[in-house]
Structure formats: structure tokens, C-alpha cells
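**Student:** From just these sequences and the hints, can you work out the full model?
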Amino acid sequence: MSFPSHTITRRGLFRAGAATGVAAAAVGVLSGCTHSASEDSSDQPVVVDTDQATYVIDPNTNDSLFSVVDMPLVAESTYSISLGSVLRPAEGNWLPTTLVGATASPAIQGGAFSLDSGTVSTVVSNTILQNNSNAFIYDVRCSDQAYAWVEVNLLDNSWSLYAAPFADGKLTGNSSTLWEADANWDPPRFAVTDKEVIWQVMPSTSGDKTSEHSFCYLWKLGDTEAIAVVESPGRFATGPEISNGTVTLVPRVKESQGVYYGITAYSLEDDLSTVVDRLVLPQSVSPLYAVRMDDKFVFSIEATYSSGGLLATMGTYVGTSDSKFVVLSREPYAEVAGKGSVYVIKSRSSYFVVDTENEQYSTLEAANRAVDYGEFPARDGVCDKFITFSTVKDADTGYPTTVQVRIFNF
1 MSFPSHTITR RGLFRAGAAT GVAAAAVGVL SGCTHSASED SSDQPVVVDT
51 DQATYVIDPN TNDSLFSVVD MPLVAESTYS ISLGSVLRPA EGNWLPTTLV
101 GATASPAIQG GAFSLDSGTV STVVSNTILQ NNSNAFIYDV RCSDQAYAWV
151 EVNLLDNSWS LYAAPFADGK LTGNSSTLWE ADANWDPPRF AVTDKEVIWQ
201 VMPSTSGDKT SEHSFCYLWK LGDTEAIAVV ESPGRFATGP EISNGTVTLV
251 PRVKESQGVY YGITAYSLED DLSTVVDRLV LPQSVSPLYA VRMDDKFVFS
301 IEATYSSGGL LATMGTYVGT SDSKFVVLSR EPYAEVAGKG SVYVIKSRSS
351 YFVVDTENEQ YSTLEAANRA VDYGEFPARD GVCDKFITFS TVKDADTGYP
401 TTVQVRIFNF
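Numbered according to the working numbering, the sequence shown spans residues 1 to 410.
Errors might be hidden in some of the hints.
Here are the simulated DSS-like cross-link-like pairs (lysine-lysine), alpha carbons at most 30 Å apart as the crow flies [stated by the list, open to error]:
#1 Lys209 - Lys170
#2 Lys385 - Lys170
#3 Lys324 - Lys220
#4 Lys254 - Lys296
#5 Lys170 - Lys195
#6 Lys339 - Lys324
#7 Lys339 - Lys220
#8 Lys385 - Lys296
#9 Lys339 - Lys195
#10 Lys385 - Lys220
#11 Lys385 - Lys339
#12 Lys324 - Lys296
For the record, the hints were derived by calculation from the structure and aren't laboratory data.
**Tutor:** As C-alpha cells, then:
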């Protein structure tokens, strides 16, 4: 099987594997890139002192600086689904879910959790290359209209990205092969919104292509071609995060000046042609997660750097390049979701629910008998409902027996 080049200089077609039940059609890529690496950012790195921060909790004394209030979120619904299920963030009524396969081939299946019924539907029960017992479903994403998944070959770590129309918990049309690559390229970080699939192709840190540039692509259901939308002279720092009509990416910027990452929000309305906002971090500082929520960036730094000021310190930040930052000085664990001035930020086994406007916060405890790492969010960015999932232990045996999904209204 041939693998596409990542130097976007000509139109390329990707050959599909043998399909099972649905056809895996070839998708091409238009030449050129909407935002190339040569389109260097004029934005200056944001290097500010700690006095530019509004802390939720004092990082030195651990005293609460925001008022501690009762939990504003109340669980609307609680559901139990099969052990081993892992939910992924999504915007709609269907949440992408990986499931433990009924047999060893494939060991993992692609599913979707319904917010309306609280049940999981199996969406992709077999890999496209069904006769390949070494292939498994690595990751899944979906909207209420499209479903995308990555298949990986265990023997050689080659992978393929597929997508298909989706409705009511099942695929409703033929699948398309969006990309194929060998072990020199990491399996993609990707997102699905409405009828669009957005994915990143990045060189592996241990392969033969480590000096190659990375690209982000966009494809719409029904199109025969994808487009390269963002080029990064190096790896992207985070995966694409969808929120409120934007997608946030973190490419390398200012290549000639050093290693800088630019947290950048692009408009989905014009296929990422418009840069809505950008915040360039101090030199060498890389975020763990980053998303645009209304008019602010919300991003997490998982380490403390030797230089760079406030934004080079571990924690979760809410703000813009020209305003003070609200800071929660806790180790970040997951994406941030919220609505208005309320942000839900995961700590190790619970959540901080922070109201930046009223300068108050509360704690959302993990589900009863959840394993020690607690719950994880299945929402990202602006949302009306906050959703969590966790592995829960049996009250009698103490062994994990189910995955519990909780749905909260803001």
C-alpha cells in the first residue's frame, strides 16, 4: 500500500483498502495550504509577570482566593454502560465511544453513546481490512452527522483514517479513506464537527521523518478532495479542539526566531481561512490543551519552565493576550468545558467549577466508587451540558464492573 507525501505540492490520491460491507473510496488532496509555514506570525510572545494573574487558589499558601460556594451543577441523568467503554468529547447528542470487542478481532470497536437514551450503539464492528487480524480500531470521533475512526496495524504501526456519514447510531453511507501512513507518522489527532473532519498528520518523534513539517487537513462529507489548512514547521502541540464555531490549533510559529507555539483559533465558517485570534506562548512553552471559549482562550500548561514568566508555570489559564489571566494552579488532566463565565477544570480525581465573573468556585466530586483517577469529561469548550464518564467499582467485590456516565446542566 502506498503512503501519501506530506509535502503538499500536487494533488494526491490515496488507495483504499478492501472494504467490508461499505466501500472505502479514495479521497484526494488539493495542492497548496491555506496557512503555510511561511505565513509567519507578527504576534509577539506573551511574557507577563505573576502580578498579571488572578489566582483561584494561592499557589504559594494554597489558600482559596475565590469564594468557595455550593456546587452549581446537579446531575440530570446517570447511566451505566459496559466496562472498558471510553467516551470522547463531541458537541452533539451522540458521543464517540470505543468499546471492548466481542471477539479478539478486532479487540476494540467503534461506538456512539446517545444522550437521549443513555445507551451505546456499535457503529464500526469490524476494521475495513477485515481479513487483517492485526488491525484494530485505535480512536474514534463523531458529530450527529459524521463518524471518523483510525485503524492501526499492530505489526508495523501503519494506520488509516476513515470517515462516513452517520445518523441514529449507525453509518448511513459508504466510508472514505482520508489518509494512510506508515510508522514514521503518528496516528492522527482529529475532530469531527457537523459534516467536517479535521485531522493532523505529524512525524513520529522516533521515525525517519522527524524533520518533516506537520499539516492539518479538512474534509467534508461528499467531497472528493480534502484541503490542507495549516502547516506547522514541527509538531502541533495539541489536537484540534472544536468550540462555538471555531477550531483551535497550536502550530509552531516564528520558526526563524526559535521554538514558539501559537494558540490559534480559526473560523469553521470559511474552512479555517480566517484567524479569529492568536496567543503566542513564551519560548519553548508548549500547552497540553487549548480551546477558544467565547472571546477567551482556555489552555493548560503541564510543566513549569525555567523562564517565560506567568505562562511558563503549570496550571490552567483563562484569558487573552491583552488581559489579565485567571489561573488555577493545579496539574491539568483533561480538556476544559463550560458556559459563560463558568469553567469546569479536571484535577486528579475531581473537578473545579470556576466562575471567573463572580470570583467563586466549587468542587465536583467524582462518582461514588470511581477508580482513583476519577472521571473524565466528554465535552470540550462551550456547551450546555457537561458530561463525565468513569470506571466504577462494585460495592461488594471492589472490582471495576461498569462505566458510569453523568450528565449535568449548566
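**Student:** Confirm or reject each hint.
**Tutor:** Each hint, compared with the structure:
Between lysine 209 and lysine 170 the alpha-carbon distance is near 37 Å, which puts this suggested pair outside the 30 Å criterion. Between the alpha carbons of lysine 385 and lysine 170 the distance comes to roughly 23 Å, so the proposed pair stays at or under 30 Å and holds. Distance hint between lysine 324 and lysine 220 is unfulfilled; the C-alpha atoms sit about 38 Å from each other, more than 30 Å. Taking the CA atoms of lysine 254 and lysine 296, the gap is about 22 Å. The hint holds against a cut of 30 Å.
Straight-line distance between C-alpha atoms of lysine 170 and lysine 195 comes to about 15 Å, which keeps the hinted pair within the 30 Å bound. Restraint check: the Cα-Cα separation between lysine 339 and lysine 324 comes to about 19 Å, which is no more than 30 Å; the hinted pair holds. Restraint check: the Cα-Cα separation between lysine 339 and lysine 220 comes to about 28 Å, which is no more than 30 Å; the hinted pair holds. Taking the CA atoms of lysine 385 and lysine 296, the gap is near 20 Å; set against the 30 Å cutoff, the hint holds.
For the suggested pair lysine 339 and lysine 195, the alpha carbons sit about 24 Å apart, so the restraint of at most 30 Å is met. With a CA separation close to 26 Å, the supplied pair lysine 385 and lysine 220 stays within the 30 Å bound. A distance of roughly 9 Å separates the Cα atoms of lysine 385 and lysine 339; the hinted pair therefore holds under the 30 Å criterion. Distance hint between lysine 324 and lysine 296 is fulfilled; the C-alpha atoms sit about 11 Å from each other, no more than 30 Å.
The structure fails to meet hints 1, 3 from the earlier list, while all remaining hints are met.
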